[in-house]
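Each chain is listed here by its residues.
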Amino acid sequence: MTARTFIDAIRETLAGEMRRDPSIIVLGEDVGKKGGVFLATDGLWAEFGDERVIDTPLTESMIVGASIGAAINGLRPVCEIQFADFIFPAFNQIVSEAARMRYRSNNGYSVPMVIRAPYGGGVHGALYHSQSVEAFFTHVPGLKVVVPSTPHDARGLLRSSIRDDDPVLFFEHKKMYRSVRGEVPDTDYTIPLGQAAVTHPGSQVTVIAYGLMAHYALEAADRVADEGISVEVVDVRTLRPLDRETVLESVRKTGKCLIVYEDNKFGGYGAEIAAIVAEEAFDYLDGPVTRIAGPEVPGVPYNHALEDWFMVSPDKIADGIRQLAAY
Amino acid sequence: MTARTFIDAIRETLAGEMRRDPSIIVLGEDVGKKGGVFLATDGLWAEFGDERVIDTPLTESMIVGASIGAAINGLRPVCEIQFADFIFPAFNQIVSEAARMRYRSNNGYSVPMVIRAPYGGGVHGALYHSQSVEAFFTHVPGLKVVVPSTPHDARGLLRSSIRDDDPVLFFEHKKMYRSVRGEVPDTDYTIPLGQAAVTHPGSQVTVIAYGLMAHYALEAADRVADEGISVEVVDVRTLRPLDRETVLESVRKTGKCLIVYEDNKFGGYGAEIAAIVAEEAFDYLDGPVTRIAGPEVPGVPYNHALEDWFMVSPDKIADGIRQLAAY
Amino acid sequence: MTDRTGKQGSLAASVGLYDDDLVQMYRYVALARALDERMWILNRAGRIPFVISGQGHEGAQVGITWPLERHQDWIAPFYRSIATCLTFGMEARDILTAQYATALDPSSGGRQMPGHYGSHEHNIVSVSSPVATQLLHAVGIALAAKIRGTGQVALTTMGEGSSNQGDVHEGLNFAAIHKLPFVFVVENNGYAISVPAARQLAVADVADRAAGYGIPGVIVDGSDVLACYAASREAIERARSGDGPTLIEAKVTRLTAHSSDDQQTKYRSAEELAAERERDPLPLFRSQLEEAGVLTEEIATRLAAEIKLAVDDATDVAEAQVDPDPATAMRFVYAEDDGR
Amino acid sequence: MTDRTGKQGSLAASVGLYDDDLVQMYRYVALARALDERMWILNRAGRIPFVISGQGHEGAQVGITWPLERHQDWIAPFYRSIATCLTFGMEARDILTAQYATALDPSSGGRQMPGHYGSHEHNIVSVSSPVATQLLHAVGIALAAKIRGTGQVALTTMGEGSSNQGDVHEGLNFAAIHKLPFVFVVENNGYAISVPAARQLAVADVADRAAGYGIPGVIVDGSDVLACYAASREAIERARSGDGPTLIEAKVTRLTAHSSDDQQTKYRSAEELAAERERDPLPLFRSQLEEAGVLTEEIATRLAAEIKLAVDDATDVAEAQVDPDPATAMRFVYAEDDGR
Ligand SMILES: Cc1ncc(C[n+]2csc(CCOP(=O)(O)OP(=O)(O)O)c2C)c(N)n1
Ligand SMILES: Cc1ncc(C[n+]2csc(CCOP(=O)(O)OP(=O)(O)O)c2C)c(N)n1
Ligand SMILES: [Mg+2]
Ligand SMILES: [Mg+2]
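Protein chains in written order, with the working numbering: chain U, 24 to 350; chain A, 24 to 350; chain H, 82 to 421; chain X, 82 to 421.
Straight-line Cα separation of at most 25 Å, DSS-like style, residue types lysine-lysine; simulated pairs:
| id | chain 1 | residue 1 | chain 2 | residue 2 |
| --- | --- | --- | --- | --- |
| 1 | X | K260 | A | K56 |
| 2 | H | K260 | H | K227 |
| 3 | X | K347 | U | K56 |
| 4 | U | K56 | H | K227 |
| 5 | A | K276 | A | K339 |
| 6 | X | K260 | X | K227 |
| 7 | A | K56 | X | K227 |
| 8 | U | K339 | U | K276 |
| 9 | H | K347 | A | K56 |
| 10 | H | K260 | U | K56 |
In short, the hints are calculated from the structure, not lab data.
Given the sequences, and given the hints that come with them, work out the whole structure.
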């Protein structure tokens, strides 16, 4: 066990996996000498060289499309999109190609690859360096979507993602890179994709979250605990496939469900969780399924006053919990 | 009043709007001499010529990106994406650019444009000529999304979309092009964006749908009427902005809500409606908020047996209504 | 395929092949055509709902595919690539089962539209509908070949209309930077559905774009099978020896409408269509081989019979096959990891 | 801007300008530099969190922008386009309020990061972050100009790394087919953040790509302001007279790190950085104008004072402005249609 920042866990896991499996390559913009704009790939180029750590041109569709081809021909590419906001030029390659190759070829071809991308706001990134883009991909059969919230989970889930035989989108909240630390075992553990974690047991209100919001949910849970409200926090960790059972079990126990996400609310990922809960836990509900999410604007504004206005905070979550508990 | 097919209503509306407003241009693949692969633009090139009806190269990002520019400089482009399935290469231009131009420039610039695209399955189109893509766009602030289901609505909503000062995605179910007919007034009426329609009044179960599914919902409602189940069908028509009030009013009345969409279920547009109903109509619900939608596969398969398996049908909807009514 | 020995007349010798190669190449052109014509008949007869055709492209496809190594090299084809797929190992039956979308269709098990060929067994990447995406897959395959040191070459092919997609720019750029073993083939038939080349590109030749990536751009007459072969062999050798990609533009003709859903008389004149018939590679190649004494009457008769048999057999097999069971439709969205 | 009269020395005459034009051009180069240096100072002082710089690009930007007609033509700039925006009408205050993201920032009202300039008043398209998207907007603006017969020219500019994006291919192709009044400027500084040109392109010059679209590709020394002016004037004339687009590649140098978040010593040697200083357009232009007797000591002193005043004033104004009110943050997602 060693304490690690979130980004250290990712970087070390990448290095460890590359040592373990020579078919893994890393590619993306500035991932080589510079080590990535957040330094998530720092040191890899020095250790593994030009052929396995490839600085690509500024072309996201190529990064993903060529990774698909490389995966078809025996490699396991882990590509980096410099900011999740810049994944859209690759949307067609991800949704039309990576996600469907296995299905459309009737299992003839598979695409074992990982797309890593830093996402999320609260770091003065403004409209185009702050987005939550998970909802665009969690809707797509053929893709898996992972959003870890701790160094421990990041390591275990990144290992599983790299070893998975299907395309995985792996989103890392950039605000957590250096602000979140935690114990990480030095063993070769993995965390299976598709397993949520109950990170704070409780009995009165279930709060479902992921990424940075999983931390804010814990903070909020602590805050309202003093007021006598017992909150259970579920960190879904893998968004597709979703661990419905853990979610539903918690809600069936507490009877109340608050879903938290940073993305704008309408049509965000939490809508699907709300819909599942409303359908499958109806008989257990003691209150409406509620959501706290970002406002309906096309991005996180830059100015700090506007950014604070946009971001979901532990305070806002705590308020949501109080309201639901009082229902 | 004249009876029109769905596609006639669209073609005539395009022609009428182009006559009314010389700033409207039409551009896309094969929209000129050929009149579009479905003939939605047939005759426009002959009437309006090369400058206002532009056969573009096979480049969707360009079609949308250049339309944004043209909109900025005084035109109202109506571009056609040949099949909704091919809109993904333009995803970045739609989501990062068209949707945000007004917001990011603090109202300095606006992008009045319409993107028309045929969508939907049931026509032997297979994985890439059958998709429902609305969920990717209904999530995005700055966009409007319209899915008409009758020739009457198509005309009124297309007029409003073209006259709107913001980017509108206008999805036309290709199976309805020639199979759906209806009366269309010869007046210059419009239907405001953001208004749902109660297309079949009822008291026991609310069914919410759009596009082809709005027709199937009506068929299902008729079917179960014989069994004594009174169904209210709401055709949302505009998906973003959603007319929450009409939806909620109906559910508050019936106490039961079934949402129908053709797209795969997880994270589809209906998830948001379910979430809204679960949150805002909770006290009125006499049963779970349910959904009938497509299966979790990455596209509609081609073979007719597989396609039938995929498609939501009036039968499947009727079954869903019966179950919910019996709850 | 080029290691055969045997008779080598002057025509064959002029391109470094044997007579038997030429006969086999002719056989693929003729087989592709015969299958294609059968598809249209079946379509008109209401047996199959949709046809997308390779007629007019077959000569270029066979010539270009010939120098690749089967089961070693890779092809990422497009919807007109019937002759390509046949030359690279798929069978007549495979082509027709794809039209019927049967359970045993090796391309997709009936999941995809006709024309979306693919074969894991033959290193043929599964075709998808959004055009030009496959270029990046071929580039990635070439990247893996280089990194893994397999000696493989990856070739992709598409129409000139599709070559305007952004993915083509991004992929050629990357392949050129890394001198990947990659060949880009454009089958330029002058139309993207109804849009003539002059509204698709401002240059007469797609090959003019090669210089912008620092790679050779070669124009070849797509109705001249052996010229296509020679251009392809050179590009493949270049690729294999580490000198990087080549762009080959084959000028072909589209002898049919875009697909069975299209009416090309709406946008092409009768004169133009008649003139294009002159560029049909099948009779041109046949005359060439006859004149060279390679295709004797005896061989021609034998081939015609063989091809008829193959096409009839493929039709019968495809007709007889069953539809996929809807119970299988949920399979292969993800790996079925038994015990992983 | 080129209709001025007045003194015309031989240098000015050689490019068809007047001495006063040259002084004004110099003023913009120097003002952009002074504002840029102030930004870094404010960043180090903790007043503004982020800087993205135009240092090294200013000469090319001023030269290229000069022949455009203000309030008539259009520019879709990128994040380094400080000198471009100033030359096209934005004020020093506008640049600095953007750094502070204040309520009155004309580019975005504090919504966007610094560097994302834009001005409806000046026909400057709002910059977004995903690179190269603006090329298509400029092409569309040019299309509208042609259809509406406005006589406008649209120019866009970006780095050489960004020019590899698919949108660039698609846009140049379309603009060339329709001979749109469009100019594409590549400010090639040899790096895309840390990635050197050799890993971004397989050719030495982005201009080599122009031929693939049938348009002229012009290379110009970006530290030579008047050469940039001449190349741009020709391209703009060509565009305006209906002869279609031109690609201008200005070879510039990036004198700073990519941004205040970057450490360029990790990937550029001290020698390289020192050598690049020699290509700084500011002292080169100054010497040129001094030698030609255009920039007298008197003028230089006056300009320096003016610029200092402008930069100080802009800083003061920006410092004094208030943050946007969060109550306004929901505005302008859509049109606020009062009574429509
Ligand atoms: C991204 C995308 N847009 C549109 C289409 C519809 N479409 C299919 S083929 C085609 C024309 C292709 O022309 P070209 O590349 O020249 O090939 P050809 O059919 O002439 O051989 C079009 C527009 C598509 N399949 N994919
Ligand atoms: C689509 C997209 N991908 C990645 C980025 C991150 N990014 C911003 S600038 C830049 C480098 C651009 O290089 P170049 O085009 O040469 O311009 P320069 O900064 O050198 O002037 C990168 C990778 C981005 N803004 N947009
Ligand atoms: Mg073609
Ligand atoms: Mg650069």
